[in-house]
Amino acid sequence: MNRNKREELLRDLTPEIEKTSKSWYLVFAGLLVVFIIGIYGLIQQVDKGHIVTGMRDNVVWGVYIVNFIFFMGLSYAGALVSGTLHLFKTSWRAPVIRLAELITVISLAIGPFFIFFCVGRLERIPYILAFPRIQSPIVWDVIAILTDVFGAAIFLYVSFIEDFAILRDSENLQTAPWKKKMFRILSLGYTGTPKQKKILTFSRNVMAAMIIAIAIIVYSVLAWIFGVTLQPGWHSTIFGPYFVIAAVFSGVGLLIILMAIFRKIYSLEKYITKKHFVNLGIVLFVIAAFFGYFTFSDYLTKWYGSVKMDKILIDKLFTEFRTYFIFANYIGILTPIIIIAIPRLRTIRNITIAAVIALVALWVNRYIIIVPTLETPFLPIQDTRHDWLFYSPTWVEWSLTAAGVAVFGMLFMIISKLAPIVSISELEEAEEKNDV
Amino acid sequence: MEKEAKDSSSRRKFIRKFGLGLGSVAVAGSAAVAAGTSGSDGSGEKVTLLSADGQLVEVDRASIRVARKETREQIKKSHLGIPGRKFVMVIDLAKCKNARKCVDACQEGHMLPRDHEWIKIQLLQDSELTARYWFPKPCYHCDSPLCVSVCPVGATYKREDGIVLVDNKRCIGCKFCMTACPYSARVFNWKDPEVDMPKDHVYDPELNVPPVEGTVGKCVFCADRLRINELPRCVRACPMGVIYFGDVNEDAVTNGVETLRFSSLMVERHGYRHMEELGTMPTVYYLPPVDRMYPVEIGFEDLDESISDRYKPQGSKKSAKPKK
Numbered sequence: 000m001n002r003n004k005r006e007e008l009l010r011d012l013t014p015e016i017e018k019t020s021k022s023w024y025l026v027f028a029g030l031l032v033v034f035i036i037g038i039y040g041l042i043q044q045v046d047k048g049h050i051v052t053g054m055r056d057n058v059v060w061g062v063y064i065v066n067f068i069f070f071m072g073l074s075y076a077g078a079l080v081s082g083t084l085h086l087f088k089t090s091w092r093a094p095v096i097r098l099a100e101l102i103t104v105i106s107l108a109i110g111p112f113f114i115f116f117c118v119g120r121l122e123r124i125p126y127i128l129a130f131p132r133i134q135s136p137i138v139w140d141v142i143a144i145l146t147d148v149f150g151a152a153i154f155l156y157v158s159f160i161e162d163f164a165i166l167r168d169s170e171n172l173q174t175a176p177w178k179k180k181m182f183r184i185l186s187l188g189y190t191g192t193p194k195q196k197k198i199l200t201f202s203r204n205v206m207a208a209m210i211i212a213i214a215i216i217v218y219s220v221l222a223w224i225f226g227v228t229l230q231p232g233w234h235s236t237i238f239g240p241y242f243v244i245a246a247v248f249s250g251v252g253l254l255i256i257l258m259a260i261f262r263k264i265y266s267l268e269k270y271i272t273k274k275h276f277v278n279l280g281i282v283l284f285v286i287a288a289f290f291g292y293f294t295f296s297d298y299l300t301k302w303y304g305s306v307k308m309d310k311i312l313i314d315k316l317f318t319e320f321r322t323y324f325i326f327a328n329y330i331g332i333l334t335p336i337i338i339i340a341i342p343r344l345r346t347i348r349n350i351t352i353a354a355v356i357a358l359v360a361l362w363v364n365r366y367i368i369i370v371p372t373l374e375t376p377f378l379p380i381q382d383t384r385h386d387w388l389f390y391s392p393t394w395v396e397w398s399l400t401a402a403g404v405a406v407f408g409m410l411f412m413i414i415s416k417l418a419p420i421v422s423i424s425e426l427e428e429a430e431e432k433n434d435v
Numbered sequence: 000m001e002k003e004a005k006d007s008s009s010r011r012k013f014i015r016k017f018g019l020g021l022g023s024v025a026v027a028g029s030a031a032v033a034a035g036t037s038g039s040d041g042s043g044e045k046v047t048l049l050s051a052d053g054q055l056v057e058v059d060r061a062s063i064r065v066a067r068k069e070t071r072e073q074i075k076k077s078h079l080g081i082p083g084r085k086f087v088m089v090i091d092l093a094k095c096k097n098a099r100k101c102v103d104a105c106q107e108g109h110m111l112p113r114d115h116e117w118i119k120i121q122l123l124q125d126s127e128l129t130a131r132y133w134f135p136k137p138c139y140h141c142d143s144p145l146c147v148s149v150c151p152v153g154a155t156y157k158r159e160d161g162i163v164l165v166d167n168k169r170c171i172g173c174k175f176c177m178t179a180c181p182y183s184a185r186v187f188n189w190k191d192p193e194v195d196m197p198k199d200h201v202y203d204p205e206l207n208v209p210p211v212e213g214t215v216g217k218c219v220f221c222a223d224r225l226r227i228n229e230l231p232r233c234v235r236a237c238p239m240g241v242i243y244f245g246d247v248n249e250d251a252v253t254n255g256v257e258t259l260r261f262s263s264l265m266v267e268r269h270g271y272r273h274m275e276e277l278g279t280m281p282t283v284y285y286l287p288p289v290d291r292m293y294p295v296e297i298g299f300e301d302l303d304e305s306i307s308d309r310y311k312p313q314g315s316k317k318s319a320k321p322k323k
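Protein chains in written order, with numbering that gives the first Met the number 0: chain S, 0 to 435; chain U, 0 to 323.
For the record, the hints were derived by calculation from the structure and aren't laboratory data.
Only a predicted model underlies this, so the values are computations on that prediction, with no experimental measurement involved.
Some clues are possibly wrong.
[What the hints assert, rightly or not] Derived coverage of chain S by chain U (criterion: at least 3 residues anywhere in the stretch with Cβ under 8 angstroms from a Cβ of chain U; other residues may be distant):
#, region
1, 50 to 63
2, 133 to 146
3, 166 to 178
Even for Gly, the Cβ is constructed at its ideal location relative to N, Cα and C.
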């Protein structure tokens, strides 16, 4: 192994583990404040009941469920992207695969909390495990998510072992003794013997394959929570694959955004290059095309056939929700396609902007899947107070949403201080191959 | 709850200990008496009691214990339903004039707060050129209930007599049943309803009182009244005799004034179920609004303004907002 090469990698990638800048603490404190405001909102909600949210008897699921689907989607996308990159031995994966793996686990740690916020009696959540009824899609989802939590955690961990060993063996690493101790324990005595290497490679391949399958199944199950009901707009056979595609769309978008952020802040320009943005941009392009195609066929069949309820729903989407609809399903899909399709536009900045638009548009897309359907039940909403008719999220819901995003940021920031955000071992392997 | 559970188990132990075939006998409505005949460790003084199967029995006074109604027992009982029954409701749309007495009786009987109605009166118009009509909508107690299928914890259940109930001590408040129900029959307790219950009140899903914050509620067909051979509150309250209630097995329904043969009513008045095509198989039937007794406008008379407001065109989100 090339010693100098490793020294260089360590020198470039480990400073963030060794010392923490003031601005890191500042940003972290800011996120912490957002998180605390969210906790205050949650306390209000638990204390006064769900009356403090914008949800009422018709729109019983609101922003919380949108966030749940959104974060779970990011997680599955992270799994699908990192699993695929790993399994197909994509040559350029080395600097970005760990970010994708981290997205998987961190989003997965946040998503389920939004379901909890939506549940009327938090203290009875354990009933799902105590009295489960297997015919309920929620129970399918609980089983699926629990499987996914373990799968994703193992996948992330096995991908970290080699790096932990490298950090443990690195004499120049200036870091707290407890971190050194942590590296020693977590590296599980890995020294890189051929036998160990073989076992580790095998585990990583198996987990990569499994995580792809789990991600597809789990996100389809989540889509079926909506698909199995009779509600107009939800009762659709396309929902499973549609949700999976949507998830990958948002996940690739987020990956590009994180690449841009960490590249800049942690000075990784040498490793995360334009090539990575363009390659992932092309992935985003393909997924956007698929996503647009699914969206189009879902709405086209509803609009053309114009069954009474579908017609009411489509009318609502095209009038009251027009702005959202145009942003989510035209701008959100076409922007990445146009930016990537024209080579001249393919700059790191443009691709990042496209990714941001894609990510936000997907959230809005989820919103106009959930809310308009609930506002158009089979029997017209009547004999109900006027101000209970329509949904508009309250500050409690927004504060918890912001808290979710803040926790995502904080977890990413913490992990980036404990282990390299770019995989050293992957880079080493990639460079070795290039040398040969 | 914990204490009740302890009580219940000690009572069961008591019965088991004496190995009785006699079990419990019902006296004076709610109180039940568990009694033993062994007499070996009793005081010797005998009491004559009427057993559930109508026989006079002598039991030792010392082994009599008054059994309190217990939540756990009530919930268990509420799962079983009333044997041999298959309840059905028929709503005669020709007679309804939105008098809202059914709503009031239901609200009062179930201690429901305002804006939390288990029965709603819709004003429907099937298409532009057809007539409007008042349409009372309770829970349909479907024979293929999606709400029951999707409940993750078994808090809502279908009994053998056809009634669908909610156990608000089990409900976690995920609201999946509310999105699954195509008739919007369910309502959520968005805040603590703050009803004062008598101290000795025992929760029973058949009455489903008091409402619990963060759980789902809905029409229970007044299962508690059916238990004591009474008609549901809405049926009794309706001044027009709109709502008929009965038993398919007996082929009879009554609105409290007249009792009709269910099958002939269906034939003669062309009974139907709302949105049959959804396949949920409701047990509530409607008689079409033909040969109406009143014009539909009568339904707007004498309405509280806050209620008549509810029938104004909904408009869009923007036009609804200033009313907040």
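Evaluated hints:
Coverage of the region 50 to 63 of chain S by chain U holds [criterion: at least 3 residues with CB-CB distance below 8 angstroms; count 7]. With a cut-off of 8 angstroms between beta carbons, the region 133 to 146 of chain S has 6 residues touching chain U; three or more are needed, and the interface restraint holds. Beta-carbon proximity to chain U at under 8 angstroms applies to 0 residues in the region 166 to 178 of chain S; the threshold of 3 is not reached and the given coverage is violated.
Going through the hint list in order, the structure does not satisfy hint 3, though it satisfies all others.
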